[in-house]
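Trainee: Now for the letters of each chain:
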Amino acid sequence: MRLQVEAISAGYGRVRVLHEISIAVDNQRVGLFGPNGHGKTTLLRTISGLIRPTAGRVIFDGKDITGRSPQSIVGEGLVHVPQGSTLLPRMTVLEALTLGAYSRRAWPRRRATMEQVFSLFPRLAERRAQRCNTLSGGERQMAAIGAGLMGCPKLLMLDEPTLGLAPKLRAELAQAIHAIAATGVGLLVIDQDIDMLLGLCDRLYLIEQGRVALDVVDRSSIQHQDVLKRYFGSAA
Amino acid sequence: MGAIIVSGLVSGALYALVAAGLSLIWGSLGVFNFAHGVLLMTGAYAAWWLSSPDGLGLGLGIGIVGALAFMVVLGFVVYLLLVRPWIGKANAELAVIMTTIAGSIFLQNLILEIFGGRYKTIDQVVTGTVAIGGTTIQAQNLLVIILAPVLLIAMWLFLTRNRTGLAIRAVAQNQDAAQLFGIGVERIYIATFAVSAVLAGVAGILLGGLFNISPDMGTDPLLRAFVVVVFGGLGSLPGTILGAYAIGMIEAFSSYYIGIYWTPVVLFVVLIGVLVVRPTGLMGRPT
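In order, the protein sequence lines correspond to chains A and B.
In my numbering, each number is its position in the first sequence, counted from 1, plus 16.
In my numbering, each number is its position in the second sequence, counted from 1, plus 344.
It should be emphasised that the hints constitute simulated quantities derived from the structure, not laboratory data.
Because the structure is a prediction, the values reported are computed rather than measured.
Glycine included, each C-beta is placed from N, C-alpha and C at the ideal position.
There could be a bad hint or two in this list.
Unchecked claim - Restraint ranges, calculated between C-beta atoms of paired labels, are given here:
1) A:131 to B:450: 30 to 40 Å
2) B:520 to A:230: 55 to 65 Å
3) A:83 to B:622: 41 to 51 Å
4) B:433 to A:120: 55 to 65 Å
5) A:152 to B:480: 52 to 62 Å
6) B:620 to A:215: 49 to 59 Å
7) A:142 to B:622: 32 to 42 Å
8) B:613 to A:187: 52 to 62 Å
9) B:432 to A:80: 23 to 33 Å
10) A:78 to B:530: 20 to 30 Å
11) A:125 to B:345: 52 to 62 Å
12) B:449 to A:120: 34 to 44 Å
13) B:413 to A:131: 19 to 29 Å
All chains should be built: construct the whole structure from the sequences, respecting the hints.
Mentor: Below, the structure is given as structure tokens:
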């Protein structure tokens, strides 16, 4: 699995958010971090086809997927789990997970995949008949990630999976994400929890003002303090 | 008393079929299809033309199946011409009110031009009468009473079990999430219109067996369906169905005890009363 984002520019209407940004995910786990409002989410939305880039190319496994519909991009095995995940408020967990396997590639395998998702998130199995809007924040996140996994991704893009969660839940989710990575699924993760990203990823990009401000390829070369310094202006 | 309940159940069943289609489209596209009543009327005419000896004379079976197949196509055409160009644009809901009203005026007059103003009748799917609990019911009425819930349950199963049905609800609840699941929103809109048009067609054929077929036969059911949808709660299918039977019953009892001319007044008083207490309708959710 190889994702190459080459000099992508994109935005909303006349507001340009991404400025010729380039990143690569090569059979690995890649983290995106940086201040809010600087284009991380927009980058994922552009990769998954929700936003059409004004310039640049997105190449997935050798295929140019620039400007293709989200539908056909999901079909290639590139799955985006959006942020905050109100997901499908008035659907049961079971229905939401089933829909996660909507793509033609994933649909025939949906029962087997669901067993895997349930063993990864036993809580979802307990809550399967419950409506998504009655789930706790952590459970919603699990349901959203679970639905993403139902699409049989080669590369899973997660947008702030631990946002707003208590430390204990955050650790639980981080563990699950590690388990997903261990199955060989590529990961592209946005998160504010630098510790989690450092523990998970082979490569980190700091995104600032729609550009890559820092590309950390070798994890051993970077210390927590350096990142914090870069991130907040001073070591915490 | 029995006769009043039967009449209420028949109206409730028909309103439920008409309003369910309307509610489905409102739920997933966020627009009101004012051509829904004309779809109902066209379904009845299609069945009449295919089945009646004055038309093609192919018999009622082919008439019904052919009419419903035609409804799928017509639903698609209505979506393509009257709705699609405005989706995602500013004030889409207002634009679509106008385009669907325009479309329904056009279709109504087209039918009038083709088939003339004289009332038509389609054969009843079942004939004769049935005696139940001291009341004699026309078999066609009994069919309506039984068939509507069967169809609504089938629709519920479709929306909760079927891949396309689930996708219809997903698009209604969160379009971005639906797209990220790989759902083609446009295809789902077309499917929604097709299902909605078929429901209208079924209602038209059933109504055509009970009353006469005329170019304006859809106007009244559409008006009632709007009341039902608002009464039951916008976008809530269970609310719509509950609302349909409630309105049907209120109408039947009010027609008998208060009089037919006062019935619309009673209906709207009840509607206003419900909206004062629950502004989102019986089972609607706050937007």
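Trainee: None of the hints should be skipped; say for each whether it holds.
Mentor: Against the structure, the hints come out as follows:
| no. | hint | result |
| --- | --- | --- |
| 1 | A:131 to B:450: 30 to 40 Å | violated (54 Å) |
| 2 | B:520 to A:230: 55 to 65 Å | violated (29 Å) |
| 3 | A:83 to B:622: 41 to 51 Å | holds (46 Å) |
| 4 | B:433 to A:120: 55 to 65 Å | violated (31 Å) |
| 5 | A:152 to B:480: 52 to 62 Å | holds (57 Å) |
| 6 | B:620 to A:215: 49 to 59 Å | holds (57 Å) |
| 7 | A:142 to B:622: 32 to 42 Å | holds (33 Å) |
| 8 | B:613 to A:187: 52 to 62 Å | holds (59 Å) |
| 9 | B:432 to A:80: 23 to 33 Å | holds (26 Å) |
| 10 | A:78 to B:530: 20 to 30 Å | holds (28 Å) |
| 11 | A:125 to B:345: 52 to 62 Å | holds (57 Å) |
| 12 | B:449 to A:120: 34 to 44 Å | holds (41 Å) |
| 13 | B:413 to A:131: 19 to 29 Å | violated (40 Å) |
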